Amino acid sequence: MGDKLNFAFYWTAGCGGCEVATLDIDEKILDVAELANIVLWPIAMDFKYEDIENMDDDNIDVSFINGAIRNTEQREIAELLREKSKVVVAFGACACHGGIPSLGNFHNKDEIFQEAYVDTISTNNPDNNLPTPKTEVAEGELTIPEFFDTVYKLDDLIEVEYYLPGCPPSTDLIIKAVEAIANDNLPPVGSVIASKKTVCDECDREKKEKKVKEFRRPYEVDVDPELCLLEQGIICCGSATTGGCGANCPTVNMPCRGCYGPTSEVADQGAKLLSAVASVIDSDDQEEIAKIAKDILDPGGTFYRFGMSNSLLKRKKLG
Amino acid sequence: MKAMLPQFGIEPERFMLTWVSANEGEKFAEVVKDLVAKVKLVGPLGKVSERTGGELIG
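From first to last, the protein sequence lines stand for chains A and B.
The opening residue of the first sequence carries number -13 in my numbering; numbering runs sequentially from there.
The opening residue of the second sequence carries number 56 in my numbering; numbering runs sequentially from there.
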């Protein structure tokens, strides 16, 4: 044990991609093992919540938490790790901004349960059984975590020192963060560990005048590998999205989907994207503009794909 | 915008886009009165805490 740091890795409402990204730092993971004892990492090692509960406060030097918060267990463990940790890092798009799970904020708990447990074609549930927090059985009462109507980002619940955005965060940024911890060279609290610039700034595609008569999905277009994707009518979120990823997606002909979240200058990423996309429509005719805008089938899901929990409106109005 | 606001549960009556020239003072007043009347009919939008069910955010 000695002078080693204590690290915890935890996942809440996420897909596991952040865990894979952690392992993607390849041999650097050995440096992490050299640097720190891992005290909790449910995907890789067997620890019990009780082990954490029995620790003194601030016993963990850094907790890396990935995933959004959408049920009582996730909230409980996030609060527990906060209590026991000196530093909490929101790891990945879901913890930073809500991520893909926060698209659930366009619905509520009842709608999600109905879709997941009743309406899906592959579901056979004739009695319409839905998850309930408490169930009485002969042996006693069974409990499962309670599901929320709303998906939250991590700092809606607990204080977070650093943000490592991305779906998943790039290995370069993970290494940068770990090195900063190892060298005790951490940026000011509240820092986002990414670029200060946008994805467009990191993208090598040729940018000319943006005039779009038609929006198309990537599969509908024979993509020009040199030209700006937005200029080709493909909705690319690079202009309102924090860089740091090296513009990986546009480099391989896929539009930016906005996973690094808004830049520090932007309050609401989706509104900014909507404004950016609306400004490239090449028409002065109301009807034609409406027709072109109709090409965007799901504007909410497109512009807030990774950030509903971080948006000004947070969710679809309840009730 | 028109397509996106309903996705957030925001009534279409709350949003209007129109053009009024600087010398059309009377038209401007009409447009604003019209919108205010429509929004009053729909009522308050509700706070963010109400929007999220008040589970966690105060």
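Where hints are given, some of them may not hold.
With a Cα cut of at most 30 Å, we get these calculated DSBU-like pairs of lysine-lysine [to be verified]:
hint: 1; chain 1: A; residue 1: 199; chain 2: A; residue 2: 258
hint: 2; chain 1: B; residue 1: 57; chain 2: A; residue 2: 258
hint: 3; chain 1: B; residue 1: 93; chain 2: A; residue 2: 196
hint: 4; chain 1: A; residue 1: 277; chain 2: B; residue 2: 82
hint: 5; chain 1: A; residue 1: 258; chain 2: B; residue 2: 93
In case anyone wonders, no lab produced these hints; they're calculated from the structure.
Model, not experiment: these values are computed from the prediction.
Status of the hints after comparison with the structure:
{"no.": "1", "hint": "A:199 to A:258", "in the structure": "20 Å, holds"}
{"no.": "2", "hint": "B:57 to A:258", "in the structure": "15 Å, holds"}
{"no.": "3", "hint": "B:93 to A:196", "in the structure": "36 Å, violated"}
{"no.": "4", "hint": "A:277 to B:82", "in the structure": "28 Å, holds"}
{"no.": "5", "hint": "A:258 to B:93", "in the structure": "27 Å, holds"}
Checked against the numbered hints above, the structure breaks only hint 3 and satisfies the rest.
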